[in-house]
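Peer 1: Residue strings, one per chain:
Protein chains: 2
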Amino acid sequence: MSAASVAGVPGTSRLSINQGTIKHASLAEALRATTDAGVPAIGLWREPVQEVGLDVAASMVADSGLRVSTHCRSGFFTMPEGPARRAAIDDNRRAIEEAATLAAAGADGSVAVLVLVAGALPDGSRDLIGARARVRDAIGELAPYAADAGVQLAIEPLHPMYASDRCVVSTLGQALDIAADFEPSVVGVTVDTFHIWWDPDVLPQIARAGREGRIATYQVCDWKTPLPADVLLSRHYPGDGVIDFASLTSAVEDTGYDRDVEVEIFNADIWSRPAATIARETAASFGSAVAPHLRAP
Amino acid sequence: MSAASVAGVPGTSRLSINQGTIKHASLAEALRATTDAGVPAIGLWREPVQEVGLDVAASMVADSGLRVSTHCRSGFFTMPEGPARRAAIDDNRRAIEEAATLAAAGADGSVAVLVLVAGALPDGSRDLIGARARVRDAIGELAPYAADAGVQLAIEPLHPMYASDRCVVSTLGQALDIAADFEPSVVGVTVDTFHIWWDPDVLPQIARAGREGRIATYQVCDWKTPLPADVLLSRHYPGDGVIDFASLTSAVEDTGYDRDVEVEIFNADIWSRPAATIARETAASFGSAVAPHLRAP
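Residue numbers (full-length UniProt numbering), protein chains in the order written: chain A, 1 to 297; chain B, 1 to 297.
Quick caveat, the hints were computed from the structure, so don't treat them as lab data.
Treat the hints with care, since some could be wrong.
If several chains are the same, the list does not tell them apart, and a pair holds so long as it fits within one copy or across any two.
Taking lysine to aspartate or glutamate pairs in the EDC-like style, the calculated list, with each CA pair at most 20 Å apart, reads [what the hints assert, rightly or not]:
no. : residue 1 : residue 2
1   : K224      : D123
2   : K224      : D240
3   : K224      : D127
4   : K224      : D269
5   : K23       : D230
6   : K224      : E281
The task is simple: from the sequences and hints, build the whole structure.
Peer 2: In structure tokens:
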């Protein structure tokens, strides 16, 4: 990997800014803010990529010289069989192609990782177990496409407060149980501190994820209360909340994880700032709260 | 147990209204609303009991003819050793005495159960593991008092969205792991649908709780999104949300649980209604969403 790092901020040679952190920026603006801040990698989002079209996006990524650490995000396949489910599967196949194309355009060290958010309980349903079974089925259907494209699907457990309306996969252990039916190079997991920090079983499950070769991406942001009115936007810069980045980051590093580490934040206050400011603040918070717990580069 | 049930609402012979559901009522008003609705049991709260004093409260409970299903709530002992921790332990000892006195005053079938909410991460701390260890220590300190008083402590896992600012015990499995060091008659768990419905491991853990003799109380209310601005107030009548009361209630009943089932709701809209209305609505929702899954009385 590149030894590039943010000027004056040690330990950022493995920092990736997830594009969700600078949500209001176009792809061009996001790439520029990331490179201008000296950050060596970016996690991309589908919507801004699709705004310019995949081929143009790939050229822009190649020109940026940045590594690509993830493509975010697809999934949302909890519905029963029918046209909506077919459309979701088709859309996931497109996302797999996007992830492959963008990673190929990225600098050395880029990885083709597609983050998967399972989706909600279908409207009017109380069948959480059924919804979870359909997640497994959808991944089974997508795995051959991902394998052909050289893309690793990264099942992301989301915090249990999103279990009904966003993601029925709620713990790292559950994500690993689903992934267990597939090759690790094809189906891995997303380890995101915000979603799993509370889990009494988090450290053993991180170790398990490493042992099973499943950590596709490590994402960091912080948890702080009170939660805002829209609980989707309750993510904070590392160090601004209560998450113990020392123990979680060390656990991830101890597995031998050596990919980039993404800072992914959804926060209306942060989003309202200029992209360059966000990139600098991200690097600074990462440098102080997370980087000290990475292995020496 | 009494065969009393709400007129016109079958299956309410094991219904208990938790006083938190009619929060703005005094103890006298809560007892009256409960008996007037024909509901046979009540879960009490410390503050309205302390308003009238324990002896007067016990007389009022005896006069009501209601069963007492829990005393809510104590705990909040995550802080390190020092005066604040000593005060918390002392307060928990008082709560144990209250639970014993009130249960003795209740009708036949009353149980002396004290619900314990562990408490928050101490201000400025990120040491979740340490806070959890101090919960175990506090229960170890309180267990002899509870045993002497004939009170069963009921560790309540709270939803992980409260892990930082209210309760560091987040899953039923974790609560059972803590309880495992103690006699089941002294330390049990609270099974509350709102807090655990999302857990991929919930059904096996309910079975385990039953096998280990730990289910001190079964509490029901529903989960619905979007969450309100104050996420503490996001509890709904059974049937108004997405929780599958069939599978959870059957799992609890299959363990042989035969105590009352509490409806505990914190919801500003519901609280704003007259106590009698809340009691009737509670009975109706319980009758339709929960009672069909109880064993025949």
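Peer 1: For each hint, tell me whether it holds in the structure or not.
Peer 2: Checked hints:
no. : hint           : verdict
1   : K224 with D123 : between (30 Å within a copy, 12 Å between copies)
2   : K224 with D240 : within (7 Å within a copy, 29 Å between copies)
3   : K224 with D127 : between (31 Å within a copy, 14 Å between copies)
4   : K224 with D269 : within (14 Å within a copy, 26 Å between copies)
5   : K23 with D230  : within (16 Å within a copy, 26 Å between copies)
6   : K224 with E281 : within (17 Å within a copy, 35 Å between copies)
When the structure is compared with the earlier hints, no violation turns up for any of them.
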